[in-house]
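Undergrad: Take a look at the letters that make up each chain.
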Amino acid sequence: MTMIVFLLNIKSENMKLSKSLLQAMAVGITLGVATTSCSKSEEYIIEEDHICKTECEVECIVGENKGEGAGWSCGPCGMG
Amino acid sequence: MKEPGGLVVLVVWGNKNILMSKPNNKILSTIACNLDTEVLATALPLFQGEEVEAIEWSFDTLHQTRNIPSWFTELLSSYSKAERLIGHGVFFSIFSGRWTEDQEYWLKHLRKVCNAFYFDHITEHFGFMTGADFHKGAPVPIPLTRTTLAIGVDRLQRIQEACRRPVGLENLAFSYSLDDVKRHGEFLHRLIQPIDGFIILDLHNLYCHMHNFDISFDDILQLYHLEEVREIHISGGTWEPSTVEENKRVRRDTHDEAVPELVFDMLEKIIPMCPQLRYVVLEQIGSGLKEQASKLAFRTDFQKMNNIIARADLTQHQNQIPKAFLPTIFRKNNLPLQNEDLHQEQLLLCSILENAKDYESVSRELSQSNLARSEWKIEQWEPRMLETLIAITKKWKDGFQG
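One line per chain: the protein sequences are A and B, in this order.
Take any residue in the first sequence, count from 1 to its spot, add 22: that is its number in my numbering.
Take any residue in the second sequence, count from 1 to its spot, add 3: that is its number in my numbering.
Isolated chain B (complex conformation) (with noise of 0.2 Å):
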């Protein structure tokens, strides 16, 4: 049973903060809301009977679209004004080896949705994308370096000075081995802590890690700071037989399916340790809703979700008081930091992938390029692995063609 909201009483006693009655920081059952017939036809009723509690916005996809209906305005204002609006970027494309005018251009307009609509944080997700312009494909992961870390830290400052909100980022689902695996969440933990980041933890995920480099929930919880984590996502995905390793299947994260049953799971028992969780998203394409069957399994799945934090055990939440994920500074280099080298190296990947005739040819290339023996650990990517790169590099080659 949710509690309703209320006062909390705050006592500043000299250099002491003391709280005299619990705060309701109370974690909000969350759509991924945004311009989709498909997805709002289906979430529809949900609005109505008042249960979508927070919504979350990609802001950043909506640039090709004009004559915005002022109704999908006006659901994106009351969600803003009871600040219950949360905005995920796409394609910003963080670790990107050279700075862009896409990249100038994605934090102007930033800018100017934050002035539009009041954000309760914004987050974006770990990677580059593939594509010409390093904005039309998908996110892909990087060499885990001194490197990549300082871009990183570079672009999430300024993406937090252009919003002045917290700032989050996601965990990638896409893995080249289980040694990437192993060292995503501190790399995590390592980009935001100069920006008193927050970390999304997207469970599905995990579930795709779990099964695509035999690893337990259990073990992948070892190696993410869960105290960071203010938001997590659940979606569904697909499985893709391998064709280059015998009886193996590769999870994807598509988020064109219902959220497997082992995900739900996952979200009971990682609640109670995430102490500053405000959000849960529900993810879902609507490539994926056109049936009744699917849309009436998303509306269950999010009945589930809700069912899930509404009884989850939140010992450890209380007398915790919530975290500002907020600088009292916000900093930024006078100058974006590149790094021509990686950039280089993210044209030649880039390149090898997309214009890929097969698996052993991209394989043969990459061992004879300047990715063999260098940071990039071409020679511990599992082959599973880059065949499936291979073939989402070459679905979002030129962008959505829906």
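Isolated chain A, as found in the complex (with noise of 0.2 Å):
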């Protein structure tokens, strides 16, 4: 009977986020570059009935085609 040994490696439970990237959230939360996730900021929303295709060139947060996805308003809590 084959005996195999892993060794597993867990993380420390602390979370250390780099300076850099605190006082770019720092500046940017000042300067208001954020949003409130619910609200329909005009400098931030594409047009109401906006559903992006591959070819769309609005801007997404991730992926080649920038802007796939589907237009809806949000309300990520506190639904009730």
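These are calculated hints, taken from the structure and not from any lab test.
Just so you know, even glycine gets a beta-carbon here, dropped at the ideal spot from N, CA and C.
Be aware that a few hints might be false.
If you anchor each label on the Cβ, the simulated ranges turn out as follows [claimed, not checked]:
1) 296(B) / 48(A): 18 to 24 Å
2) 52(A) / 114(B): 31 to 37 Å
3) 48(A) / 313(B): 49 to 55 Å
4) 361(B) / 52(A): 41 to 47 Å
5) 48(A) / 370(B): 55 to 61 Å
6) 221(B) / 52(A): 44 to 50 Å
7) 249(B) / 38(A): 51 to 57 Å
8) 306(B) / 52(A): 21 to 27 Å
9) 118(B) / 52(A): 29 to 35 Å
10) 40(A) / 313(B): 23 to 29 Å
Using the supplied hints, reconstruct the complex from the two chains, each of which is provided in its own coordinate frame.
TA: See the structure below:
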């Protein structure tokens, strides 16, 4: 019978973010670069009924085809 | 005192796995973190103090946003690389009777974000969304039937196939009746079984049930399969006086206030009972964090949550190998299950609720509709809960108008 021993690495509980990221967050928040997660900020909102297609030019958070996704209004929590 | 991380020795002998040292499956203090100025500003000192051990991101809430600041993407990436990013969907509308194009896009988007970030798991809400296209409103309960069970399983399988990560479902705050509350936990269990999924237990949602239906926490706990809980939510809410039931008020899950002390007591009590628990998430919306006092209260709530986790009795958790909550094979039907009758009923219910003049007219219309004497059991709906449902659906009729 074969016995295999694995060593599994478990990460430390502390979650350290880089100084540069924390500074960028502080500046971004101060300048109000973030929007509220539910609001329709003029600066960041694309047209109301926008549904992104593969050729979409609107930027999206990820992906090569910038802008894939649907134009839903949002309210991530606190619905009730 | 939290233990540091380290190595775990796992011995595989024949077909048996033997854990030689204890797994460090610590419970992580987490915040619900979206691109929200107030939430991020409030949480910044916690990030700076390395106190936020994980973040939960509602990945489907940025669709109308462009020029995402690079630091937000970097924040997500940092937690993703540490395998401490979890995804919480809002708009999939699992129980819509008809399969929609929006759901296809939602899955496509999910695939994309899962390629960009590593999510430790993905979750969604119970219920179907009200609103014109079932994607703009609030999650509302459905009849607990074989039809809705089959549709729910079909949708969860699709989510799982898209993300290829563990998938979980959250208990809903709103219920029509005590009978609904009593059946909710078992129905969740039956939904997640086919996908080897897990449950998010939202304690404030249970708190709502306790007050709205006069049921004790101990009795509610009997209704859930706690060994399936991988994530817990805590948050605050508001009281709404009922105008149709004298001296009654309804607790609503609005996430705009501090966490009630009783919810912390509930957290302390339940952690030892959930051996697979990995994340405890503090949720609050930005609109409730505009004042300095509320910001301070949020950070105090986080530290209270952190302390409860740190001193929790984890005897039951030890010697438990963390469950993968993943099936060996990702299954899904070739075509999405649909039920036209359910779709029509959902349309009818939304139409009556959203166009309501007042409680009396809604009550009358419902009793004269196809929903009367049906599986919706509208005859059992508590008047104060119907009144609340009208308020919720009207509030979210056109999406967020903040």
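Undergrad: Hint by hint, note whether the structure agrees.
TA: Each hint, compared with the structure:
no., hint, in the structure
1, 296(B) / 48(A): 18 to 24 Å, "21 Å, holds"
2, 52(A) / 114(B): 31 to 37 Å, "35 Å, holds"
3, 48(A) / 313(B): 49 to 55 Å, "27 Å, violated"
4, 361(B) / 52(A): 41 to 47 Å, "46 Å, holds"
5, 48(A) / 370(B): 55 to 61 Å, "57 Å, holds"
6, 221(B) / 52(A): 44 to 50 Å, "47 Å, holds"
7, 249(B) / 38(A): 51 to 57 Å, "55 Å, holds"
8, 306(B) / 52(A): 21 to 27 Å, "24 Å, holds"
9, 118(B) / 52(A): 29 to 35 Å, "32 Å, holds"
10, 40(A) / 313(B): 23 to 29 Å, "26 Å, holds"
Hint compliance for this structure: hint 3 is the single one not met.
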